[in-house]
Amino acid sequence: MKKALIIIGVVVVVLLAAMIAVPLIFKDQIYKKALDKANEMVDAKVELDGVNLSLFKSFPKVYAELNGLRIIGKGDFANDTLVSVGSVATTINLSSLWHMDKGIDVNEIIVDNPRVALKVNKAGKSNWDITTPSEQPATTDTTASEMQLNLDKISVHNLSLSYTDESTPMFFSMNTGDFNLSGTMDGANSTLKTDAQVKNITFDYQGSRYAKDISLDMKTVLTANFDKMKFAVAENETHINELPLKIDGSFALADSSYDFDLKFSSPGSGFNELLGFVPEEYQSYLKGVQTKGDVAFGGFVKGAYTETSYPAFGIDLKLDNGWLKYPDLPKAVENINLAASVKKPEGDLDLMTVDVNKFEANAAGNPISANLSIAHPMSDMQLKGKLNGKVDFATVSQALPMDSMDIRGLLDASVQFDGPYSAIDKQQYDKFETEGKIQLKGFRMASKDLPMPVSISSADMTMNSRSISLASLKGNMGRSDFSASGSLSNYWPYILKDKTLKGNLKVNSNLLDVNQLMASMATTDTTKTDTTKMEAIEVPDHIDFTMQASINKILYDKMVITGTKGQVIVRNKKLLLDGLNMNMLNGQVTMAGSYETPQPQKPKFDFNLKIKGFDIPQAYRSLSTVRTMLPIASNSTGEFSTGMSISGFLNKNMEPVFQSFNGNGDVSTSNIQIVGAKVFQEIGKYFKKNKFDKVDIDNFATKFKIVNGGLDVSPFKTKIAGQEAVVSGHQTVSQDLDYKIDFKVNKGDLSGDINKYLGFVPGTENIQKLPVGVTIGGTFKKPDVKVDLNDAKKLVEQEFKKSSKKQIQDAAKKLGNELNKLFK
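When we follow the numbering used here, the leftmost residue of the sequence shown carries the number 2, and every step to the right adds one.
Worth flagging that the hints you see were computed from the coordinates, not collected in a lab. Check each hint, because a few of them may be wrong.
What the hints assert, rightly or not - DSS-like, lysine-lysine: derived pairs with alpha carbons at most 30 Å apart: (1) K559 / K500; (2) K475 / K603; (3) K442 / K387; (4) K500 / K613; (5) K653 / K575; (6) K231 / K154; (7) K566 / K475; (8) K603 / K554; (9) K559 / K293.
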């Protein structure tokens with residue numbers, strides 16, 4: 002990383018030097034030449050938006066400014082921006098350019114909006130290693146080495162720095178950094194003044210976040226020996242968040258290492274100053290808090306930091322007789338005692354140990370104690386710890402704010418563990434001792450984020466190194482009750498390594514009132530029958546749960562669902578249903594399939610359904626899918642059964658996106674009657690009066706396909722209002738109709754006018770049924786019905802042939818003319 006800073010600095014200096022070395026009339030030529038030179042120096046792409054030179058802006062000084070400087074990687078880091086800088090500006094004493102052997106008087110360098118993104122990929126290669134392959138060691142230029150750079154000040158505004166190491170993995174970042182450095186940056190006896198403010202410091206290591214939103218404010222005076230590149234702290238004032246620190250010692254920049262000999266402490270600090278270490282985003286929770294207690298905090302960093310080794314360091318924190326009270330609460334948290342340390346000798350990070358030898362607190366008469374030690378964090382983490390606590394939430398809330406939550410109940414917990422993490426990985430559970438027991442009684446929690454209070458009458462859990470066993474849990478939420486038992490396994494890898502938590506649970510309920518649970522989220526939509534809107538439920542990651550569910554009654558919207566039983570699996574960010582059975586809409590449902598949220602606001606489903614004996618009116622009132630795809634059900638009674646596969650998407654409110662639906666299946670019906678449907682009212686014009694007012698449809702079975710929300714119905718035979726018929730067709734997702742019905746009509750059921758004309762035709766007395774074709778277009782609300790009698794005419798003509806030829810021709814001609822008049 003040191004090499005990266007040097008290379009970046011050299012590139013900037015080359016560009017700046019070129020810009021100030023010639024008169025303004027040569028700016029463009031020098032700009033191009035300097036940029037070419039910078040690109041030759043590094044195995045990366047150097048870009049620059051422009052330059053600004055002026056002899057007047059800071060006369061008698063030269064003002065030079067680079068705008069939009071970028072260093073972009075190549076190869077493994079192609080198109081990754083290592084450095085981007087909004088602008089770099091400087092002012093130089095013009096006369097010193099003619100006596101450079103005595104030093105160039107650079108008043109200041111100002112860097113605005115720099116962004117530095119350092120990366121190490123999984124192969125261990127760094128993006129700042131951008132030296133050109135052909136680069137040779139530079140020869141010594143004694144003249145140049147004697148030349149001094151008399152720099153007064155360096156200012157960096159709004160720095161953003163990130164370091165990502167994918168091989169570890171590790172992540173460090175800081176934003177909104179402002180740095181000011183002033184003094185003579187040369188010689189063996191210099192004094193430098195630094196002033197730095199940084200916000201939003203974040204540090205992650207191996208999936209765990211160790212620091213977040215930390216702020217740093219530092220003012221330091223350094224004595225510097227630039228000949229040996231050694232620096233000593235003469236004066237220092239530092240704050241990490243609100244915690245004051247004093248830093249003493251020295252550090253040096255060697256050719257291949259950084260050498261440290263630093264100590265830090267927080268003299269005169271109390272409990273209140275220690276709370277200042279809490280990240281800024283949580284400071285509002287500590288507003289007005291009264292504290293007491295003696296704090297000792299200090300540490301050191303000593304040794305060399307190289308590419309393969311880390312210096313020794315240590316941190317010690319101790320709090321004795323701590324006391325904390327919120328101004329609006331009657332009781333305090335007392336007897337807070339803490340002893341913690343982090344230590345590591347010089348060498349590998351795996352030598353580090355973390356010890357919390359003691360943590361004790363008593364919140365309004367509720368004692369809690371814990372200890373923890375960690376060793377070998379990089380190789381095979383050794384863990385040892387213990388937690389004991391008895392909590393009455395009703396009294397704890399008198400000492401600790403619960404925000405908008407109202408929590409009551411008794412918690413008794415005792416947990417201890419000891420062993421290497423590798424034992425868990427290898428399933429050698431006897432080598433990782435874990436023992437614990439957690440009991441919860443009379444628990445009740447109410448919150449503005451919950452539609453109803455949650456009550457748990459009792460819950461008993463025991464822990465060993467393999468699993469957490471839930472012997473029994475009983476509770477309710479509003480009118481809904483629940484009970485559960487089972488176990489969770491692989492919980493240590495889940496906690497420590499972000500692995501998958503596994504579980505087997507049995508969940509039972511006499512009543513699940515979904516309507517009541519959703520009451521606080523309900524919204525009214527007057528354009529739809531459904532008035533309750535949900536939010537899309539995102540399936541969590543790193544969870545592998547198998548649940549055997551049994552629910553006697555579910556109340557959802559207008560439906561009463563009974564006898565729900567089956568297996569529900571949460572795995573690989575999918576919710577899987579396996580043989581889920583339930584009774585609803587006077588019928589039975591068996592369901593299997595999946596629900597997943599690759600896009601949280603666009604849930605995806607893929608179900609196989611077997612439905613037996615659904616009541617059509619109830620299905621129409623309760624299911625939007627039936628209302629959209631089978632609008633004629635609004636005029637229907639009877640039952641239907643179906644086996645189908647269907648997939649598609651839901652929206653953020655868990656409502657169907659019908660144009661995404663695709664599937665296929667079969668359907669059968671029983672005792673269907675359709676009353677007052679406009680489609681049959683139009684067909685009825687050609688039949689006896691009132692024949693199609695109430696239409697009975699004989700039981701039938703057919704196959705169908707769903708394509709982009711449209712419905713394709715395969716041909717099927719049935720009887721419609723007592724007439725033999727073959728039905729087939731298609732409708733779109735917007736309910737545009739394209740259906741065909743081929744009737745064999747009982748001659749006596751046709752309208753009186755048709756029968757009157759048929760009576761004039763010889764031979765028609767032998768005809769009992771006439772073929773009549775009906776096409777249905779338009780929409781369900783406004784159907785376009787057309788009748789085709791061509792086949793009927795052909796049948797009549799065949800009967801005519803049994804009479805004399807002339808009689809047949811004359812009668813057929815006459816009948817055709819009359820029928821054409823009638824059906825125009």
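A quick look at each hint next to the structure:
{"no.": "1", "hint": "K559 / K500", "result": "violated (41 Å)"}
{"no.": "2", "hint": "K475 / K603", "result": "violated (34 Å)"}
{"no.": "3", "hint": "K442 / K387", "result": "holds (22 Å)"}
{"no.": "4", "hint": "K500 / K613", "result": "violated (42 Å)"}
{"no.": "5", "hint": "K653 / K575", "result": "holds (17 Å)"}
{"no.": "6", "hint": "K231 / K154", "result": "holds (19 Å)"}
{"no.": "7", "hint": "K566 / K475", "result": "holds (19 Å)"}
{"no.": "8", "hint": "K603 / K554", "result": "holds (29 Å)"}
{"no.": "9", "hint": "K559 / K293", "result": "violated (59 Å)"}
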